[in-house]
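Peer 1: Sequence:
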Amino acid sequence: MEVEAENVLKLLFPDSVPESWKENPDFALYLSKLGSYGVEQLSKEPERLAEEKATVLEQTQDLVFTNYKTFIHTAECSREIFKEFSNVEKRLGSLVERLPELTRRCQAFSQASSEIATHRRLNSLTLTRNAQLLEILELPQLMDTCVRNGNYEEALELAAYVRRLGKKHGNIPIIESVVRDVETAWVTMLHQLLQQLRCDLPLPRCLQVVGFLRRMQLFSEPELRLKFLQARGAWLQGLLQAIPSADPHHHLSKTIELSRIHLFNIVTQYRAIFSDDEPLLPTSRDNNINESAVFYSWITEKVAHFLHTLEKDLERSQGSSLDSVVGQCMYFGLSFSRVGADFRGLLAPIFVRVVSQNFQASVKKATKKFEQEMESFVLSKSTAAAAAAAVSSRSVTNTTEQKPEIPPNSLLEFYVLAEYCNGMLTAFNELRVCAPVAVCQIVTESLKLSLKTVVERTAHWHWQESQADLSNTERDALRRFCSLLALELIPYMQRCLHLVFPVADVALRLAVPAHQLQKEGITYLDQADIIKPLQHILPISSPILGLANLDTVTSDKPTGNNEISDGTVNSSVPIANVQTSSAGIEHEDSISEVATKETSGEASATGSEQKENKAPETEKPVTGVNSVNLSIQISNLDLQEVKERKSQSEHSEEK
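Taking UniProt numbering, I'd label the letters of the sequence shown as residues 1 to 655.
Note that these hints are calculated values from the structure, not bench results.
Honestly, I wouldn't trust all of these hints.
[To be verified] Result set (EDC-like, lysine to aspartate or glutamate): computed pairs, CA atoms no more than 16 Å apart in a straight line:
#, residue 1, residue 2
1, K365, E419
2, K364, D313
3, K368, E456
4, K22, E6
5, K167, E183
6, K365, E430
7, K452, D529
Produce the complete structure using the sequences and hints provided.
Peer 2: Structure, rendered in structure tokens:
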């Protein structure tokens, strides 16, 4: 059917059909109608259409003539409508252009209205929850008040509550601000607790403070131990630094006392607070930390600091009250043995070195003074006469038993020997209050070196004096000088050495027989070697020896303490009755034999002497150091008469 319609259109309109006709349904209906006509009807159709056209045109004209006013009005209305539509189109364009701005402003208004509504709702909610919000806002102030007043228990509870609040509502700015302020007060509390550990705290308070620090959970267990030891150590160091250091002995005594008391208290507090047992559930961060090593490292550091202070003060104190210092230090070390930190073994080398240095310094001082005196010492006639008079007066005076610690009065004949003897006795008296066995050989060698120097200087002086033209009296005095040095001063130094270091005590502490000490030369002077430079000068058969009563120099009853022109021994210091025996000396023996007999005699007699006579205990024994406690005060020679004689001699020589 459609094909037929297409064919009809091509026949009627060979060129083309307007598109508007194709869309008109009447056109399609008319084509269908034409397709149904026959030939006759189709031939009549143009006439019918012409008639119908004329009829329609006539009707239209009649209608126009009849309703011309209406058509005019319609045309005018159409024209007005067209104009109005143009204006409307323009206004609609302007409206379309302004619609986005209107939309934006409406959205802004809607948003502002929403915010205002939200704020109003929040303000209403805030007003209803005002009390609860005020409590939250006052948490930082309350935390600060608790910290300042020391209410750490409440402060810890507040901090825990604020932390929970922050985890739950950390996105709220005011909550974040509250948490930040509370953390600031938290740090302040930490500093306060650590500062309390830097004060003098009893054990209960220490337990509380460390408990608070544990609950703060800012430090691991090793870190907490280290902080505790650092804080307590800083407090102790402040106490030690506050001790006046002008007087070294006072500074050392106070240092020992404060260190002993407070260090022991700190150790006790540490042991009570921290347990060295293995933890049941060790944490991963503490696996590589030895907690016990922290404590013992701290103890070691404090002991090392104390030993350093001890050495410095002992160097400055120059040996004063050394015995009391040793006693305090040994008690200090002994008290620390209860905590497994006995450091008495570290004290011994320090005191041995100090005692040795002090004795060597005193010996060097006496030796140097002797050498200086010998440079200006001249054997004048007055000196020789005075020496001869002293010898003759002593020979006719009844001799009494003389104690071994009392120096021979015969040394007063020559002030040089007397002053040297007093210098050595000063060194021995300083040594006797604290005489460790470890220094006995050092003391022996120092004494031997000093005596050798004195003997060599005396031999040189003898050679110089022998070159001059001397009278018999002066020659006798010259020999007398050498005889006193070799046969009285040196044996007396040996006796003093054994008074400070008794052979029996040294042998007992060294666990060797007494004869082994003599064999090894421990506390024994090789007198034959010392007097070798004088051996050819003074044989025993010399006439001067008879005047000197040499047969009693080293006997059990030494030369009596007869006075020479008011020359007396200082007896203001108590002297214990200690006896020493030695082999007697015959006149025909040589000097070397005398020295050998003197040495062997003292070694054999020491044991019996210690049993028969015991010195009164005036000094407290030193604990922990192998030392010999000598309670005998060795008397010095009274040099007043010698000085007067020396001045008279110089005055006579000037005349």
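Peer 1: Which constraints among the numbered hints does this structure fail? Numbers only, ascending.
Peer 2: Going through the list in order, the structure violates hint 2 alone and respects the others.
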